[in-house]
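Starting from the two chains in their separate frames, assemble the complex, guided by the hints.
Listed here are the chains, written in short residue letters.
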Amino acid sequence: MVPSVPLGACLGLSAILFAIGLVGFLGRRNIILMLVSIEIMLNAVNVSFAAFSSHLQDTRGQILALFVIAVAAAEAAVGLGLVLALSRNRPGISVADLTELKY
Amino acid sequence: MGILAGQSAFYYLAAVSVASAILAITRRNPVHSMLWVLALFVHVAGIFLLLGAEFLAAVQVIVYAGAILVFYLFFLMLLDLPVEAAGPPFGAHWPLCAAAGLAFAAFAWYAHDPGLVPAMQPVEPATRSPGSLRSIGMALFTQFALPFEITSLILLAAIVGAVVVAKRKNVP
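In order, the protein sequence lines correspond to chains A and B.
For reference, each letter of the first sequence is one residue, going 1 to 103 in my numbering.
For reference, each letter of the second sequence is one residue, going 1 to 172 in my numbering.
Worth flagging that the hints you see were computed from the coordinates, not collected in a lab.
What you are looking at is a predicted structure, and each value in this text was computed from that prediction instead of being measured.
Treat the hints with caution; some may be incorrect.
On the chain A side, residues computed to face chain B include the following (Cβ under 10 angstroms) [as the list claims (entries may be wrong)]:
{"hint": "1", "residue": "V23"}
{"hint": "2", "residue": "F49"}
{"hint": "3", "residue": "A51"}
{"hint": "4", "residue": "S53"}
{"hint": "5", "residue": "I93"}
Glycine residues also receive a C-beta, built at the ideal position from the N, C-alpha and C atoms.
In isolation and in its complexed conformation, chain B is listed as follows (with noise of 0.2 angstroms):
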């Protein structure tokens, strides 16, 4: 793929993400949000297979938009919120809210110093690619055994504390 389609697509990939944000933020059916979230999703999976990084594109549409995302949307249908509709999507201090997040943007536009990051290193072509699984997996399961290993025990966690959260205390 050559430099200008890449960087084509990763405009538009980026486009498509920003609008799509902002619309899942904004709209009023809270199910019409989780559908641009879901174009979100797919699209920063775009994004990380230009990066290169084939797993993580692939881990981001099989956990984020096919479980979590599922997963909130199962909710929104369960609970089945009648007057979400009617009312205004933000509170009344959303112009608080947008000042935050201008101010969040230009602090991190103000903050980003280019001297941070050091050119990149001329490593040897063809023998590190990054994204490959073969080095995720090295990886993940020797320098990163031990976080791997409370990554299971976070999520153990999160199933337990999930059911004693929303189980009936009083059940028949």
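Looking at chain A on its own, in the form it has when it is part of the complex (with noise of 0.2 angstroms):
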């Protein structure tokens, strides 16, 4: 199959989504919309992956992507689990409760 995609455009579209995932983790309070946002990063790279994979016919950047899903996996569930232990201590989740190393 010949790509049809130029690969400018989705190295493009990498770089803004991981430009929204980087504004959501850093401007979000939510700890679990944080991690999205974290999720989101992790995506806008495996887009950039399967652009290089597609445009060197190479079988290699879409093993690394996999990788990258599986480490995405595991980072969601000792996220959510350090989120479940947080929320059990304190009376949200959101990153503003979390001041004890503050001052």
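Structure representation (structure tokens):
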């Protein structure tokens, strides 16, 4: 199959999605939505991997994207476990509740 | 599929992806955010299909949209956050965050070097289809066998770690 998508457009989409995820991670106060923003960033990187894999006609990019997906699953499990442990000891899961090291 | 149809499909998928990502990080209700992230993941899977990565598209839908997102939604409903919908979704430092995002996008645009990637080599047609499951499986179990096993270790560590972290300490 001839790749009909230009590489630069894919890389631009990847950069835009990564920037959106970065803004979400830095700006949101809900910890679950910060974790979801990390997922958005990982997905943006996967778009890059798939674009290079298609452009260079090389399978290895897709395999690296598969590893990224596996690590994202592990990160979701551990991160949400931490959020669950946190929500037992704090009133909410906003980062504004986590100020014990601040002062 | 013609070149024009492929390109218009790509631009549709890209536009919807960016729009749903923006909506996902700006919605006040976290469940709405999750549903927009679901739309984002499905459209990114469509982009993978356009790029000839069928297996990656299937894994994206099954693992990301099927498993990880359901996990997040399950947690949101388990925690039952009443106060989240009341306050503003972003902290007071949101202009700084937007500036960081814009700076990153500008940096990525600036650093994008077209000469970085060699032009597509004329591989012999119909012998190597990079997205075929056969070639992915061959590479995954020969060249990438050690990283594959290490991935299973990472997943095992994540399972054990999640149980240890989330377990109640003093179970009666």
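**Prompt:** Which of the listed hints are broken here?
**Reply:** none
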